[in-house]
Amino acid sequence: MTGAEALLQCLLQEGVKTVFGYPGGTIMPLYDKLYYYGDKINHILTRHEQGAVHAAQGFARATGMVGVCMATSGPGATNLVTGIADAMIDSTPIIAITAQVVSKSLGTDEFQEVDIIGVTMPITKWNYQITSADEIPEIIAKAFYLAQTGRPGPILIDITKDALVNECNFTKYTPCTYVRGYYPYPKLNEDDVQKAVELINSAEKPLILAGHGVSLSRAQKELAALSERAGIPVASTIMNLNGMDNDHPNYVGMLGMHGSYAVNLKTNEADVIIGVGLRFDSRVTGNLNKYAKQAKIIHIEIDQAEIGKIINPCISINCDAKTALDALSKSVKPANHKDWIDSFKPLHQKEVEEVIEKAIHPTSGDIKMGEVINMISEKTKGSAIVVTDVGQNQMAACRYYKFKQGSEILTSGGLGTMGYGIPAGVGAKVARPEKQVITFVGDGGFQMTAQELGTMSANNIGLKIVLLNNTYLGNVRQWQEMFFGGRYSFVDIAGPDFVTIAKGWKVASKRVVERKDLSAAIDEMLADDKPYVLEVAIEPEENILPMVEPGAGVSEMKLK
Amino acid sequence: MEEKKLYTITAFTENHIGLLNKITIVFTRRKINIESLTVSESQIKGIHSFTIVVNSTKSMVEKVVSQIDKLVEVIKAFYYEEDQLIAQELALYKMPMSAIKMINMGRFIRENNARILDMQQEYFVIEKTGTAQQTQDLLEKLRPLGILEFIRSGRVIITKPMKTLDEYMEDKNNSYFYTLDK
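Residue numbers (our numbering), protein chains in the order written: chain A, 1 to 560; chain B, 1001 to 1182.
Treat the hints with care, as some may be off.
What the hints assert, rightly or not - In the DSS-like style, the derived pairs of lysine-lysine whose C-alpha atoms are separated by at most 30 Å in a straight line are:
id : chain 1 : residue 1 : chain 2 : residue 2
1  : B       : Lys1163   : A       : Lys187
2  : A       : Lys187    : B       : Lys1058
3  : B       : Lys1172   : A       : Lys296
Derived from the structure by calculation, the hints contain no laboratory data.
Start from the sequences and build out the full structure, keeping to the hints where you can.
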């Protein structure tokens, strides 16, 4: 069989049933074989390679399995770059397969040749160029192993055209279980656990910061167990909003620049902070010189290189979140810290009165982002797969959707990639057709990857897109208003008639302007399993609050 | 501000195309200049060793080393301060024949622990192995004699700790799982 067919056989062996891609000159031998695999591999033709890579990310994040995308050489490959970088910083297991010019032409600037290996070296967990068909089974096996073990990440495999066309000896597929020098799962160090247990037992004001590592290792149960046994309040990063039921009495809210007021203030009061599977990103910590100086920090992290990168913990546990949380929850002394947990409440109440109520239950004026999201949260019972784009829509969705059992949050946390929402939603809906998948997107982000409406339409992918249209690049506008003297520099982004655009792709769509029409429109959107774009005209100059301003410490968070 | 000084970073790696690039990217991202770089096969067949000298702070070097260590094809990375290693560099000096007559060259060569590597009609080549300081000193001495070309290799080192790479690999193998069904 040819290299191309061997590649498809390998994908089948790894359980791949869906790939997202876009054909082109160099990758044609693979697409020619794919023609015969239609009953086994569902290839989704996106409208741009960026759509394919974000869809693969959405697929991976919604399932925990590897998302696969493919593109041709040159521009096909470079169009994947943003999504690969996004997957790298957000630890998403994807495999990008790119075709390459024939091996004897490598380095000669042949038509559609780009050194995609060189380009993607800093933004992949691993990349490799296959130049011989015989290499394919072993390298694909390695790619799947590396993508999904340890701290997950993107893998790029570049395959020269001759390797796709030539015959290869492929008889039996052997999955990869070991790579020399690669250490994915650190064994739990009992001494570290013991030290952490002692520190937690002695704590009076402990606080858990739960990051993406919790949802990546599916450690929701273990997180709740530790929190309940030792009476520790839990705050989540935006990557892990579904890490604990948002109604849980110990859940205190979202971390970060636009997170919970109580959580930010209390971070600088806690005596022991247990950071689980998070990077202490600048959007979480604010000014590091004013961050949790009073606290002893325990950092649980699977990636050794993250420990001490931003903050120097008092104790580190280099292990996956699930194993570490399980060990801690079995060893810590039962406690309740009721006064400490209760002390979050007056601060939260203050935020409710000054910010949240106004955002989610306004009675006059334009529709606000928060009320749209709150209403959808209620109507979906907090169990949807929520996908966001980037900017104000993202912050509003993260703040006002109440994540409960069965929910997922798919958001571009580290890279902040505008245009992520629609294609990632496509990937998530393809992966989990039984779930309600809702993408919240602004009018700016919508215009970056709107072409994927074509993908939704052609494949009847029932993603629900909620377009929050404030006619501005809202987040940049907010910063210009607050920190750049109100000089609105190129944020007034005139949009098209979005309903007409959606209808042009045969996607049902409605525009809501009046508050009284909102509820019925949402019901209509959620009623069936068809693709839908709900455009909501929202207050043009609404700001996302509260906010830790750039340069400020977390305890200096402002409510207005 | 933390003090900057010389650190020698070593990385034992697979012999794969492009790995040099992957390693140097870690330095480039943090805007750290590489003072010298040597790559060769180690005592273990198929495992290569990178020896990289940088002028930086300890905390920066620690972060860089853990990021190099994390690269899939890197088996183990270490860093050393100057007193933890024995380091040598090789220098070659191309001299004009006229220099021979200017001093007692034989004695000069012996006194400087150097040797004549090659002699042609118009020039001769001196070779010296030593520390960067020693090869630099010889360069200064040769300058008045009209040096034509000078080149110095990257640093090669032997480390003082007695633990071998095999033992480090053994330790690492014992402290990790390779798959989740452990």
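- Numbers of unmet hints, in rising order: none
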